[in-house]
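> Read off the chains here:
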Amino acid sequence: MSESPLLQVSNLSREFDVSKPLLNRLIERLPQQHLRAVDNVSFAIPKGETFALVGESGSGKSTIAKLVVDLIRPTSGRILFDGKALPEARGKEFITLRRRVQMIFQDPFASLNPRWRVGDIIAEPIHAFGLAGQMETTVTKRVEELLDIVGLAGRDRHKFPHEFSGGQRQRIAIARALSAKPDFLVCDEPTSALDVSVQAQILNLMQDLQDELGLTYLFISHDMSVVRHMADRIGVLYLGALVENAPAHELFRNPSHPYTRMLLDAIPDHEMTGRVRKPVKGEIPNPINPPTGCTFHPRCEFANDRCKAEVPTLIATTGEHFASCFAVEEDRLPKAAAIA
Amino acid sequence: MSDVLLSIRDLVVEFPKRDKVLTALDHINFDVRRGEILGMVGESGAGKSLTGAAIIGLLEPPGHIAQGEILLDGQRIDNLPYHKMRRIRGKKIAMIFQDPLTSLNPILTIAEQLIETIRTHLPLSEKEARERAVQLLEEVGIPAARRRVDDYPHHFSGGMRQRVVIALALAGEPDLIIADEPTTALDVSVQAQIIDVLKKLCRDRGASVILVTHDMGVIAEAADRVAVMYAGRLAEIGTVRQVVLDPHHPYTVGLMGSIPSLTHDIDRLTQIPGSMPRLDNIPKGCAFNPRCERAFDRCYQERPDLIAVEGSEDSQVACWLFDQEASA
Numbered sequence: 001m002s003e004s005p006l007l008q009v010s011n012l013s014r015e016f017d018v019s020k021p022l023l024n025r026l027i028e029r030l031p032q033q034h035l036r037a038v039d040n041v042s043f044a045i046p047k048g049e050t051f052a053l054v055g056e057s058g059s060g061k062s063t064i065a066k067l068v069v070d071l072i073r074p075t076s077g078r079i080l081f082d083g084k085a086l087p088e089a090r091g092k093e094f095i096t097l098r099r100r101v102q103m104i105f106q107d108p109f110a111s112l113n114p115r116w117r118v119g120d121i122i123a124e125p126i127h128a129f130g131l132a133g134q135m136e137t138t139v140t141k142r143v144e145e146l147l148d149i150v151g152l153a154g155r156d157r158h159k160f161p162h163e164f165s166g167g168q169r170q171r172i173a174i175a176r177a178l179s180a181k182p183d184f185l186v187c188d189e190p191t192s193a194l195d196v197s198v199q200a201q202i203l204n205l206m207q208d209l210q211d212e213l214g215l216t217y218l219f220i221s222h223d224m225s226v227v228r229h230m231a232d233r234i235g236v237l238y239l240g241a242l243v244e245n246a247p248a249h250e251l252f253r254n255p256s257h258p259y260t261r262m263l264l265d266a267i268p269d270h271e272m273t274g275r276v277r278k279p280v281k282g283e284i285p286n287p288i289n290p291p292t293g294c295t296f297h298p299r300c301e302f303a304n305d306r307c308k309a310e311v312p313t314l315i316a317t318t319g320e321h322f323a324s325c326f327a328v329e330e331d332r333l334p335k336a337a338a339i340a
Numbered sequence: 001m002s003d004v005l006l007s008i009r010d011l012v013v014e015f016p017k018r019d020k021v022l023t024a025l026d027h028i029n030f031d032v033r034r035g036e037i038l039g040m041v042g043e044s045g046a047g048k049s050l051t052g053a054a055i056i057g058l059l060e061p062p063g064h065i066a067q068g069e070i071l072l073d074g075q076r077i078d079n080l081p082y083h084k085m086r087r088i089r090g091k092k093i094a095m096i097f098q099d100p101l102t103s104l105n106p107i108l109t110i111a112e113q114l115i116e117t118i119r120t121h122l123p124l125s126e127k128e129a130r131e132r133a134v135q136l137l138e139e140v141g142i143p144a145a146r147r148r149v150d151d152y153p154h155h156f157s158g159g160m161r162q163r164v165v166i167a168l169a170l171a172g173e174p175d176l177i178i179a180d181e182p183t184t185a186l187d188v189s190v191q192a193q194i195i196d197v198l199k200k201l202c203r204d205r206g207a208s209v210i211l212v213t214h215d216m217g218v219i220a221e222a223a224d225r226v227a228v229m230y231a232g233r234l235a236e237i238g239t240v241r242q243v244v245l246d247p248h249h250p251y252t253v254g255l256m257g258s259i260p261s262l263t264h265d266i267d268r269l270t271q272i273p274g275s276m277p278r279l280d281n282i283p284k285g286c287a288f289n290p291r292c293e294r295a296f297d298r299c300y301q302e303r304p305d306l307i308a309v310e311g312s313e314d315s316q317v318a319c320w321l322f323d324q325e326a327s328a
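Residue numbers (our numbering), protein chains in the order written: chain A, 1 to 340; chain B, 1 to 328.
Everything labelled a hint here was simulated from the structure, so no lab data went into it. Glycine included, each C-beta is placed from N, C-alpha and C at the ideal position. There could be a bad hint or two in this list.
Said to hold, decoys possible - Looking from chain B toward chain A, a few residues come up when the C-beta cut is under 7 Å (computed):
#, residue
1, Ser44
2, Thr184
3, Asp187
4, Asp196
5, Met216
6, Gly217
7, Ala220
8, Ile272
Stated by the list, open to error - Some chain B residues flagged as far from chain A (calculated, every beta-carbon gap over 12 Å):
#, residue
9, Asp3
10, Phe97
11, Ala111
12, Glu138
13, Arg205
14, Ile219
15, Glu221
16, Met256
17, Ser261
18, Asp267
19, Leu269
20, Pro273
21, Arg278
As the list claims (entries may be wrong) - Only pairs whose alpha carbons sit at most 27 Å apart, straight line, appear in this in silico DSSO-like list of lysine-lysine:
#, chain 1, residue 1, chain 2, residue 2
22, A, Lys159, B, Lys92
23, A, Lys281, A, Lys308
24, B, Lys20, A, Lys281
25, B, Lys20, A, Lys278
26, B, Lys17, A, Lys281
27, A, Lys159, B, Lys20
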């Protein structure tokens, strides 16, 4: 069982229909328009590890998060959790899978119901999945235990979300996710709404929980230093496609894809190491009408005619390191300046 | 002409509530020199943005300046009547806000907005102002500026919109630009471009910038000096190298340690226990004392003022640990 990964995503794609209303299409003779938010993405997460997805706004990070927890369904491709596909599961099996995969959202102000007491928020999954029997006292005990785990006081269960700061609310959101006794957590930018000092508290808490409960994380972020700190493996997304997938340290030591290099070059040097930051050229293109071939070619200084015509696929560069780039494949990229 | 452009002396901003008065800025003192970028960092609610609003005279009532002075070029501007302050706003002091979508008017073209602002401050004809608008857009790095000047804000991406906002701020050729979280709503790659634009403009025009942000990376890249705020007070001010690499105040030390590193492995991030006190619940003495590992008796009794740190030029810290006279 430990051989196969806990989460296996293969050839996942998701399109959204962004066409104008039917009547407009008929009158203006417009075709249907589709936006490919996730484009043939594959990755695997072994049990107990943290896999991070990074990318700019609009790169498809959050769409993948929603697909993994089955909030939306894929257009094509498969997501196997512990060998089973969530969209195909029925009855008891479906409920068990749902319980085992939980999510933490970005905005702790929007993800908690303001009219519910904290205790009720955390108890909802316990009731929904029937985890504490019918006794209200055992539920209360469990809620207090969970609040204690995330660093809040048991009596806080009587309060409302507005009585807490952003960091404390994110702790409540974590307690709610944990109350279902999950083994897999999808964390969609869990700290980007928080101040750095509060972020440090939440990241430390998440690491402690992983150690204690053996959790597996899909961690989504745009902050490269947070990702480096948290992840075992990192996947870099560009316009819905995975362009590089490598062990965290390897990605920073030896970034392969020109886009990854550009992203790393753009990070401000907050440690003042004297690293030279290169200005970024251009912006992410419109996903409704993406460039041909490799979608990064208009911004890439190494692009040639092949890059404009053909779509590259992920190939292994060294061992566990994958990149989808013809320049890497043909070995015509200069060596990258390592950050670490 | 003195080296100091803006001088803040003992500034106190209060918000009267029904039963009590909240002191949001508590005896702030600092200078902004000509041509420098002064970074202001701190957590949400520390008073960073409020300092900017107080300088440009845009405090939301009932908030008001209860004490202290703000001097621009040696002239007091905190007590000016509305119509005089209007002439300073945009002309001498300009502001860049966090969200480029809400700071542009969606139903006017970029040209209309720029021309309006330019003609308010400079004696130019419609045609000359239009020419100036195109120039400004080129200066902030908008490609094909002549063609794009007649576009509406929604035609631009987030990064490009923020460039337009910067162009608007520059329209009156101000001496001081207050940039309130100018890159927070943007992606890292775009953020780097905007920082470069700000730095370049500061260098070319000799304008000063107060850069308000919670992102230490942005500060380290752009600022010359940094002021660290905590609970409405200044905790530390110094050169960027000193504050980032060798912070003095225990709060700054914790803040720096809490940022994950890009270059080396940290097993555990430094964690400052607890959270910043609410304005109605600031402890006696040093506001940081409940969270400070190095607090001693004096910290609970007396409030520390900014004191010069011996050995490091240009740096001041509000912490009793650095009070030489007492320890001598």
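> Decide, hint by hint, whether the structure agrees.
Now the hints, each set against the structure:
{"no.": "1", "hint": "Ser44", "in the structure": "6 Å, holds"}
{"no.": "2", "hint": "Thr184", "in the structure": "10 Å, violated"}
{"no.": "3", "hint": "Asp187", "in the structure": "4 Å, holds"}
{"no.": "4", "hint": "Asp196", "in the structure": "6 Å, holds"}
{"no.": "5", "hint": "Met216", "in the structure": "5 Å, holds"}
{"no.": "6", "hint": "Gly217", "in the structure": "3 Å, holds"}
{"no.": "7", "hint": "Ala220", "in the structure": "5 Å, holds"}
{"no.": "8", "hint": "Ile272", "in the structure": "5 Å, holds"}
{"no.": "9", "hint": "Asp3", "in the structure": "25 Å, holds"}
{"no.": "10", "hint": "Phe97", "in the structure": "18 Å, holds"}
{"no.": "11", "hint": "Ala111", "in the structure": "22 Å, holds"}
{"no.": "12", "hint": "Glu138", "in the structure": "17 Å, holds"}
{"no.": "13", "hint": "Arg205", "in the structure": "20 Å, holds"}
{"no.": "14", "hint": "Ile219", "in the structure": "8 Å, violated"}
{"no.": "15", "hint": "Glu221", "in the structure": "4 Å, violated"}
{"no.": "16", "hint": "Met256", "in the structure": "9 Å, violated"}
{"no.": "17", "hint": "Ser261", "in the structure": "6 Å, violated"}
{"no.": "18", "hint": "Asp267", "in the structure": "9 Å, violated"}
{"no.": "19", "hint": "Leu269", "in the structure": "4 Å, violated"}
{"no.": "20", "hint": "Pro273", "in the structure": "9 Å, violated"}
{"no.": "21", "hint": "Arg278", "in the structure": "9 Å, violated"}
{"no.": "22", "hint": "A:Lys159 with B:Lys92", "in the structure": "48 Å, violated"}
{"no.": "23", "hint": "A:Lys281 with A:Lys308", "in the structure": "18 Å, holds"}
{"no.": "24", "hint": "B:Lys20 with A:Lys281", "in the structure": "53 Å, violated"}
{"no.": "25", "hint": "B:Lys20 with A:Lys278", "in the structure": "51 Å, violated"}
{"no.": "26", "hint": "B:Lys17 with A:Lys281", "in the structure": "50 Å, violated"}
{"no.": "27", "hint": "A:Lys159 with B:Lys20", "in the structure": "25 Å, holds"}
The structure shown violates the earlier hints numbered 2, 14, 15, 16, 17, 18, 19, 20, 21, 22, 24, 25, 26.
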